[in-house]
Amino acid sequence: MDIEFESVERIRAFQEEKLRTQIAYLAKHSPFYQRMFAEHNIDPSSIQTIEDLQHVPFTEKADLQKFNDDFRCVPKEDIIDYITTSGTLGDPVVFGCTEADLQRLAYNEHKSFACAGLHKGDILQLMTTIDKRFMAGLAYWMGIRDMGASIIRVGNGIPELQWDTIQRLHPTAIMCVPSFILRLVEYAEQHNIDYRHSSIRKIIGIGEGLRDQHFQLNLLGQRIHEKWPEVELYATYSSTEMSATFSECEHGCGGHVHPELIIVEIIGEDDKPVADGQPGEVVVTTLGVEGMPLLRFRTGDIAAKVVEPCACGRNSYRLTPLIGRKHNMIKLKGTTIYPPAINDVLDNTPFVGNYVVVVRPSDTGTDEVIARISLRNTSLQPDEAIKQLKDHFRSRLRVAPEVEILPADVIQHINFPAQSRKPVKFIDERVAPANI
1 MDIEFESVER
11 IRAFQEEKLR
21 TQIAYLAKHS
31 PFYQRMFAEH
41 NIDPSSIQTI
51 EDLQHVPFTE
61 KADLQKFNDD
71 FRCVPKEDII
81 DYITTSGTLG
91 DPVVFGCTEA
101 DLQRLAYNEH
111 KSFACAGLHK
121 GDILQLMTTI
131 DKRFMAGLAY
141 WMGIRDMGAS
151 IIRVGNGIPE
161 LQWDTIQRLH
171 PTAIMCVPSF
181 ILRLVEYAEQ
191 HNIDYRHSSI
201 RKIIGIGEGL
211 RDQHFQLNLL
221 GQRIHEKWPE
231 VELYATYSST
241 EMSATFSECE
251 HGCGGHVHPE
261 LIIVEIIGED
271 DKPVADGQPG
281 EVVVTTLGVE
291 GMPLLRFRTG
301 DIAAKVVEPC
311 ACGRNSYRLT
321 PLIGRKHNMI
331 KLKGTTIYPP
341 AINDVLDNTP
351 FVGNYVVVVR
361 PSDTGTDEVI
371 ARISLRNTSL
381 QPDEAIKQLK
391 DHFRSRLRVA
401 PEVEILPADV
411 IQHINFPAQS
421 RKPVKFIDER
431 VAPANI
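If you number the sequence shown the way the working numbering does, the last residue is 436 and the count never jumps.
Incorrect hints may have been included.
What the hints assert, rightly or not - Below, a list of computed lysine-lysine pairs in the BS3-like style, where the Cα atoms sit at most 27 Å apart:
(1) Lys387 to Lys331
(2) Lys272 to Lys202
(3) Lys66 to Lys331
(4) Lys61 to Lys120
(5) Lys272 to Lys18
(6) Lys227 to Lys202
(7) Lys333 to Lys387
(8) Lys61 to Lys132
(9) Lys227 to Lys390
(10) Lys76 to Lys28
(11) Lys18 to Lys61
(12) Lys76 to Lys66
(13) Lys76 to Lys132
(14) Lys390 to Lys61
(15) Lys28 to Lys66
(16) Lys76 to Lys61
(17) Lys66 to Lys120
(18) Lys387 to Lys227
(19) Lys61 to Lys227
(20) Lys333 to Lys390
(21) Lys28 to Lys61
(22) Lys120 to Lys202
(23) Lys272 to Lys227
(24) Lys326 to Lys227
(25) Lys202 to Lys66
(26) Lys61 to Lys272
(27) Lys18 to Lys76
(28) Lys18 to Lys28
Hints listed in this document are in silico derivations from the structure and should not be mistaken for laboratory results.
Work out the full structure: start from the sequences and follow the hints.
Here is the structure:
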């Protein structure tokens with residue numbers, strides 16, 4: 001039986017057994033963690049329970065950049081796929097995957113797609129890149145193949161090509177960044193495509209949230225649902241470092257953990273675990289990773305853990321939609337906000353086309369926020385558009401950033417730089433920019 005449907009007690013015992021196996025593996029094979037255990041006088045065999053993890057220092061992204069090769073636990077010739085992720089110090093973080101790691105990724109995505117109700121016979125249209133050293137696109141492809149479903153690798157962007165593929169091959173589901181759905185709908189409306197009666201029945205979103213902390217559709221989710229009520233919406237949360245995905249089921253009450261793949265801690269400002277249901281930083285320990293496993297890795301993401309059983313029958317805990325990233329917190333005119341809250345307003349404003357949010361330090365020591373937008377075809381004059389958008393911000397967030405209107409092609413160039421694997425919608429000039 002799938003461990004997610006077992007009792008909470010059984011799940012916990014199962015995870016702790018996996019944890020002990022992973023700790024022993026790190027103690028034997030990881031130069032980085034061997035050094036950490038020695039420097040902090042930690043006996044690896046003393047880590048028996050999830051609570052015992054609190055005696056272990058955190059792993060930071062800076063550690064991965066400074067000592068990257070020391071995280072590798074296998075001979076270099078056993079690495080068969082290399083991937084990278086961006087980092088805070090400017091240099092990409094390299095991850096090497098063994099054959100077993102790739103099979104683990106396939107298993108992870110198989111379970112995640114099944115959680116969203118996909119099965120053999122479904123056809124998934126993949127609207128993300130599978131190249132540029134991007135782990136997720138490869139994982140999606142392997143997961144769909146592992147479950148016996150079909151996949152169409154179209155890649156990101158190009159609404160015309162996406163609709164041509166949908167009309168030719170009749171996929172049942174699509175996977176993409178949720179805000180791109182609005183571009184698909186807009187293109188369909190402009191070209192008289194009857195999208196509401198297409199073959200699409202499910203949309204699986206990546207990279208952007210579709211629900212708020214109460215599991216109700218956020219503004220972006222509402223707008224997609226209003227335009228395309230016939231489709232079911234699912235959100236996912238994952239990262240390269242954790243090599244696992246938290247995926248929603250049909251009840252949309254948070255992303256389910258796969259207990260055999262990862263242990264999650266939620267920590268507060270004091271670096272101590274917070275109570276279940278309280279928001280904090282997501283800290284992960286990977287289970288079953290062979291090439292470059294991680295112990296207590298700080299993701300920088302803010303979410304809460306939900307422990308109540310889900311109506312789908314799974315008893316594993318879930319994560320709420322992300323509130324934001326710890327280092328991206330903005331203090332605007334005395335109000336604390338995160339970029340997703342700003343994006344939500346912009347995504348739900350009909351006359352806003354593409355946009356980018358820029359945060360930079362001000363002379364007063366607080367944050368200055370500028371929303372640079374392009375206008376859709378509208379009769380609104382720029383001054384009136386700015387006034388309406390600021391009023392919209394104040395009604396939702398109590399404060400409003402500065403608003404600048406730029407040509408659509410300028411914003412488009414910012415959103416999709418040549419080397420980017422994901423749309424760039426947030427630029428933080430308070431810190432040195434990282435490579436994408």
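Going down the list of hints, with the structure as the test:
no.	hint	in the structure
1	Lys387 to Lys331	holds (22 Å)
2	Lys272 to Lys202	violated (39 Å)
3	Lys66 to Lys331	violated (30 Å)
4	Lys61 to Lys120	violated (38 Å)
5	Lys272 to Lys18	holds (23 Å)
6	Lys227 to Lys202	holds (14 Å)
7	Lys333 to Lys387	holds (18 Å)
8	Lys61 to Lys132	holds (20 Å)
9	Lys227 to Lys390	holds (24 Å)
10	Lys76 to Lys28	holds (16 Å)
11	Lys18 to Lys61	holds (24 Å)
12	Lys76 to Lys66	holds (18 Å)
13	Lys76 to Lys132	holds (21 Å)
14	Lys390 to Lys61	violated (36 Å)
15	Lys28 to Lys66	holds (21 Å)
16	Lys76 to Lys61	holds (21 Å)
17	Lys66 to Lys120	violated (43 Å)
18	Lys387 to Lys227	holds (26 Å)
19	Lys61 to Lys227	violated (40 Å)
20	Lys333 to Lys390	holds (14 Å)
21	Lys28 to Lys61	holds (22 Å)
22	Lys120 to Lys202	holds (15 Å)
23	Lys272 to Lys227	violated (43 Å)
24	Lys326 to Lys227	violated (33 Å)
25	Lys202 to Lys66	violated (41 Å)
26	Lys61 to Lys272	holds (19 Å)
27	Lys18 to Lys76	holds (25 Å)
28	Lys18 to Lys28	holds (16 Å)
Of the numbered hints stated above, those contradicted by the structure are hints 2, 3, 4, 14, 17, 19, 23, 24, 25, listed in ascending order.
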